[in-house]
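Chemist: Here are the chains, one letter per residue:
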Amino acid sequence: MMRTLTRRDFALGAAASGALLADVGRARAAARPIKLGSLLPRSGFEAQIGQSCQRGVDLARKLLPAMGYAVEVIDADTESKPEVARTRAEKLIRDGAEMLVGAFDSGQTFAIAQVAEQNGIPFVINIGADPAITEQGYKYVFRNFPTSVMLGSHGLARFNDLFAATRTSPKTAVLLIINDTFGQSMLKGINALMPKANLPFQIVETISYDPQAKDLSIEVAKAKAANAELQMVVTRLQDVIIMVREMVKQKYEPMGIISPGSPGMYQTQFMKVLGKYADYAITNIPWLDPKQPLARSFTAAFTKAYPDEVCTLDAGFTFEGFLIGADAYKRAGSAKPQALVEALKATDIKERVMIGGAITFDAKGQNVNLPSGVVQILDGRPTVVLPTENAEAKPVFPVPGWSKRA
Amino acid sequence: MLYLNIIVAGLLTGAVYGLMALGLSVIFGVVRIVNFAHGEMMVLAMYGACLANAGLGLDPLLAVPLVTLTLFLLGYALQRGLINRYIARPDHEQFLLLLAVATMITASLLMGFGPDARNVQLGYAYDSYQIGAMLLDKVRLLAAAGAVLGAAALSGFFRFTRTGKSIRACADNQFGAQVVGLDVKRLYAVTFGLGAACVGAAGCLMLLLVDVQPYIATDYTLLAFIIVILGGLGSMPGALFGGILVGVSEALSGFLVEPSFKSAFSFGLLILVLLVRPQGLLGRA
Amino acid sequence: MRASRALGLSPRAAAALGLFLAVMLLLPFLVNAYIVSVLVVVLFAAYFGQSWNIMTGFAGQLSLGHALYVGLGAYTSAALFVHFGLTPWLGMIAGMAVAALAGSAIAALSFRFRVGGVYFALLTIAFAEFTRILFDHFGWVGATEGLFLPVANLAHDDPVRLRGSPVMFYYLLLVLSLAALVLSHSLLDRRVGYYWQAIREDEEAARALGIDVFRYKIAAMALSAAMTALGGTLLAFYDNNLYPDTVFAMGRSIEIIIAPIIGGLGTLFGPIVGAFLLTGLGETMTNLSTYFEISGLKQWFYGAALLAIVALQPSGLWPWLSRALGLWERRR
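Residue numbers (my numbering), protein chains in the order written: chain A, 5 to 410; chain B, 51 to 335; chain C, 56 to 387.
Chain A on its own, in the form it takes in the complex:
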C-alpha cells in the first residue's frame, strides 16, 4: 500500500529544486543517531489523519540523514486513545527514545506531555492546538504548531487580505462549526477576536453540529436560510465533505466557503471525493511554503513516494517536528535531556518547510511565529494564494457557482 522511500528519491527531489544537498552536505553527521520516538494515532477513529502524519515521519526517517542529521525513529501507535498514548510513551522511553514527537490529538498530546515531564524527556508537538497544553508550566514540552486561538486570530486576519486582494467586501456570514474540542476552542477565539479584527462582515448565525453527524442536510438548510453572503466553516474532514455535497444538492451558493483554520478542505480525500466541487474552497492555515527550497524538495520527495496523495500540513509539521529534534541534538552534541532542552530553547531554524519566519520557542515552549497562509483549492490542488510573497497563484473570490464548473 505504501511505497517505501529511498534516499535516491530524495536526492532526485532535492536536485530538482536546487542545490540543497550541497548546502547540508557540509554538516557532519553526529557520532551516533539520536533516538526519536514517534507517537501518532495510526489506528482508531483518527487513523486517517494519523496515517497522513505518518508520511511525514517516514519522510523524516529518509530525508534527515541525507541532510546530515543523525536520527533513528521508533514508531508507536496511540490507537487514538489517551491511555494508550500514555503507556506507549512510557514504552518508547523504555526502549531508549531520547525525545518524543507527536501526537496530532490534544487529549493524547496531554497524556504524553505528562509522561515526558515525569521522565524528564523532551517532547516536541507536531500538531495539537489546545491552548492549555503550553499553559501548564511544562519544562520539556515544545510546540511547533499554532494554538487554536492563534489559528483563529491569524486566520481571521487573512480574511481582510483576501478581500483586499479581490476587492470584495461581504457584509454577512454564517458560521458552521463542529462541536468538538478543537471547534469549540476555535469558536471562543473567533467570538473574542471578531470585534477587534475589523472585518467587513457580521456573523449572522452560528450553527454548531455534532462531530459524529452522518448527515448535514438540516445544518446546510439552516445555513442557507440565514441568507448570508459568506460561509465560514470550522470542520474536520468527513463532515466537510458531507457539507459541501449537501450544499451542491441544495443549490446553496455563497460567495465562498472559507475556514479560518481547520482541517478538512485541503486533504486529499476532500478533493478526491468532491472533484470539481472541491475547487475554490479556502482555508487560512499554516502551509508548506512554495518559495522555500526545503519545502520544495520535501514536496517533491513526498509526491515521488506517495503519488496519489497531496502533501499537506500534516506531513509538513510532522517532518518539522523531527527536524527540530534532530537539529537540537546536533547543536547540543549530546542526547542528555538537559542539554537537549537547552538546545531546543535556543532553536532557530531558518530553512523550513512551513510558511513563516524561523522556528523559535518562547518561554512556554510555544513557537509564536506561525502565520497562516490562504490556501485555496485550484485545479484539484491546494495552492497558496496569499500572502503574495509566498503565493503560487492569485485567489479566486467570489467563487464560481456549482453549476458553472466544468
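One or more of the hints may lead you astray.
To be verified - Only pairs whose alpha carbons sit at most 27 angstroms apart, straight line, appear in this in silico DSS-like list of lysine-lysine: (1) Lys188(B) / Lys218(A); (2) Lys255(A) / Lys175(A); (3) Lys276(A) / Lys255(A); (4) Lys39(A) / Lys334(A); (5) Lys354(A) / Lys66(A); (6) Lys334(A) / Lys368(A); (7) Lys218(A) / Lys255(A); (8) Lys280(A) / Lys188(B); (9) Lys188(B) / Lys255(A); (10) Lys408(A) / Lys188(B); (11) Lys398(A) / Lys276(A); (12) Lys280(A) / Lys218(A); (13) Lys276(A) / Lys188(B); (14) Lys235(B) / Lys215(B); (15) Lys143(A) / Lys368(A).
Honestly, the hints are just simulated from the structure, not real lab data.
Take the given structure of chain A and dock chains B and C to it, following the hints.
Modeler: Frame of chain A; chains B and C shown alone:
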C-alpha cells in the same frame, strides 16, 4: 416550506435507517439475540458495494442483490457455526461473542481497506428535483424507495412463503415449532441470514448517502438499537416506523434546537419510550 | 492470616493470595516505569470491573453504561477541585454521592416500569450517551473544550491533592482494589448478597420468597455506581484532562465489562484475573504488532482472543483457573 423540506429529508433518510434496523429487529424477534455487530455488518456491506463498484462498475443500487445475497450467506453461516451455540446462554456471553465478532470485522476492514473514507462516484450524486419550493434530493429519494421495497419484500417473504411462515411460528412458540417438526436451527440460521441481508441492502443504499470508513460502525449499531426500541424490538412495522421517527425528529430538533444536540434528542426519546412503553411504540406487550 | 480466613479461603488459596499481594506490593520497585504505567491500567480495569461486577455479576442486572458513573465521579471531583480548590478526598465523596443518586434514579425508573434484561442494558447505554452529549454542552466543566487539572511539577507526591507519580496511583488503586475485594466478599456473605444472587438466578422466585426485589436491585446499582465514581475520581486526577467524548465514551463502558466477563462474572477474583489477562494480552500484542506495521492487526487478534475465550470458557477463566490451581473459592 423550509419545514416541509426538512421533514421530507428526515423521512427519506429515516426509511433507510428503518431498513437497517429491521434486520436487528427480525433477528431479535426470532432468535432472541441482540446483534451487537449490527453496525459492523452494515459497514461490511458498504465496503462490499464499494468493491462491486470498483471491480464490476456496478451502481450501488444494482449491487443490492449481490451484496444482499453475500450478507445472507454470511449471516447464515455465522448463526449456524457460531451464534447457535449461545442461544440459551446468558446475555453477557452473547454480548461478548458479538463484540468479538464486531471487533474482528472492523479490524479486518481496517487492514484490508485502510483508514481512509471511501465512496462511489455517481453521475447523479448531486442531482435534486425542485417541486415548487420543495427540494428533493435524488439520491435520498432512490435510497428511501429501495428501503421501502426491501422492507416490503421481507414482509412478503414472512407472509407468503412456507419458510417465512415457519419462522413466524418459531418466533411465536419455539417449543411448539419443535413439536410439529420444524428444523429450528435451520430456521434460526435463515432468520439471521435475513437480518444480515437487510443490513446488506441498507448498506448499499446508505453508501449513496454517506462515505464509509471502518470506524463508523458503532454509531450505526447504536442508531439501530434506538430505532428498534422506539418501534418495538421484534416488530417489523415498528422498525420502519422507528427509523422514520428518528429521521424526522433528528431533522426537526436539529433545526429547532441546536444541531449538535440532536442525537441527545434521540436518546432522550429512547429513554422516554423505554420508561413509558418498554415494548416500543408498535411492539406487542 | 486472619484477613485470609475472613475471606473464606483455603490455606493454599490464602498462600497464593498472600504471595500475589506481596508481589504486587514490591512490584514498583522491581519493574520499570513503563510496566508501572501498564499496571496502573490493569488496576483501573480491575477496580472498575469489580465495581461493575456487583451490579451485573451479583445482582444480575446487565449494565452497558458504566462510563456514566466514571464520568460523574471524575467530573464532580475535578470540577470542585478546579473551581473551588476542594481536595479530591472530599470531591470523591461528592462524586460518589452524585453517581449513587444517578444510579438509583436510573434503576428506580427502570425497575419501577419493569424494564429488564436486554431493555435495561440498552437503557443504561442511552443514559450514558445522553449524559455525554449533555456534558458536551456543559460550559461550567469546559464542555467539549475539556476540563484541565493544573499539573504541578512536584518533586515528591502530594497525596492530599492527589498530585503525583504513577507509582502513587498504583498504590492507591491497589488499596482500592483490595478494599473492593474485601467488600465484595463480605457482601456476598451477608443477607444482601444472598438476596442479590437469588434475584440474579430467578427474580420471580425471589419475589415470591418475600425479597424486596426493587429495593435490593436499586441498592446494587447505587453501590456499584458509587464505587465506579470513586475510580473515576482517581482517573481524573491521574489523567489531568477530561473530555466528555473520552470520559463518557461508549467504548469505555464496554472496556469496563470485558475484564470481569472474561475473568468470570460474579466471582470475587474474576475481574482482577480478567484485567491482568486482557491488559497483558493487549499490551503484548501492541508490542508485537509494531514489528508488522499493519494497523488493525492488533485489534483483530484481540477480537480473536475474546472469541476464543468465550468459546472455550464461556463462564470465565477464574472458575477454571482456580480449579486447575487447586484454589478453592466458595462461589461458583
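Chemist: Does each hint hold? Answer for all of them.
Modeler: Hints, one by one, checked against the model:
At roughly 18 angstroms between alpha-carbon atoms, lysine 188(B) and lysine 218(A) fall within 27 angstroms of each other, so this suggested pair holds. For the suggested pair lysine 255(A) and lysine 175(A), the alpha carbons sit about 21 angstroms apart, so the restraint of at most 27 angstroms is met. With a C-alpha separation of about 21 angstroms, the suggested pairing of lysine 276(A) with lysine 255(A) holds against the 27 angstroms cut-off. For a cut-off of 27 angstroms, the pair hint linking lysine 39(A) to lysine 334(A) stands: about 12 angstroms separates their Cα positions.
Distance hint between lysine 354(A) and lysine 66(A) is fulfilled; the C-alpha atoms sit about 21 angstroms from each other, no more than 27 angstroms. A C-alpha spacing of about 22 angstroms is found between lysine 334(A) and lysine 368(A), which places the hinted pair at or below 27 angstroms, so the restraint holds. The straight-line distance between the Cα atoms of lysine 218(A) and lysine 255(A) is roughly 20 angstroms, inside the 27 angstroms bound, and the hint therefore holds. For the proposed pair lysine 280(A) and lysine 188(B), the alpha carbon gap of about 20 angstroms is at most 27 angstroms, so the pair holds.
A C-alpha spacing of about 13 angstroms is found between lysine 188(B) and lysine 255(A), which places the hinted pair at or below 27 angstroms, so the restraint holds. Between lysine 408(A) and lysine 188(B) the CA atoms are separated by roughly 20 angstroms; this keeps the pair inside 27 angstroms, and the hint holds. Proximity of lysine 398(A) to lysine 276(A) is assessed by CA-CA distance (about 23 angstroms); at most 27 angstroms being required, the pair is judged to hold. A C-alpha spacing of about 22 angstroms is found between lysine 280(A) and lysine 218(A), which places the hinted pair at or below 27 angstroms, so the restraint holds.
Note on lysine 276(A) and lysine 188(B): the hinted pairing holds, with a Cα-Cα distance of about 22 angstroms set against a maximum of 27 angstroms. Taking the CA atoms of lysine 235(B) and lysine 215(B), the gap is near 15 angstroms; set against the 27 angstroms cutoff, the hint holds. A distance of roughly 8 angstroms separates the Cα atoms of lysine 143(A) and lysine 368(A); the hinted pair therefore holds under the 27 angstroms criterion.
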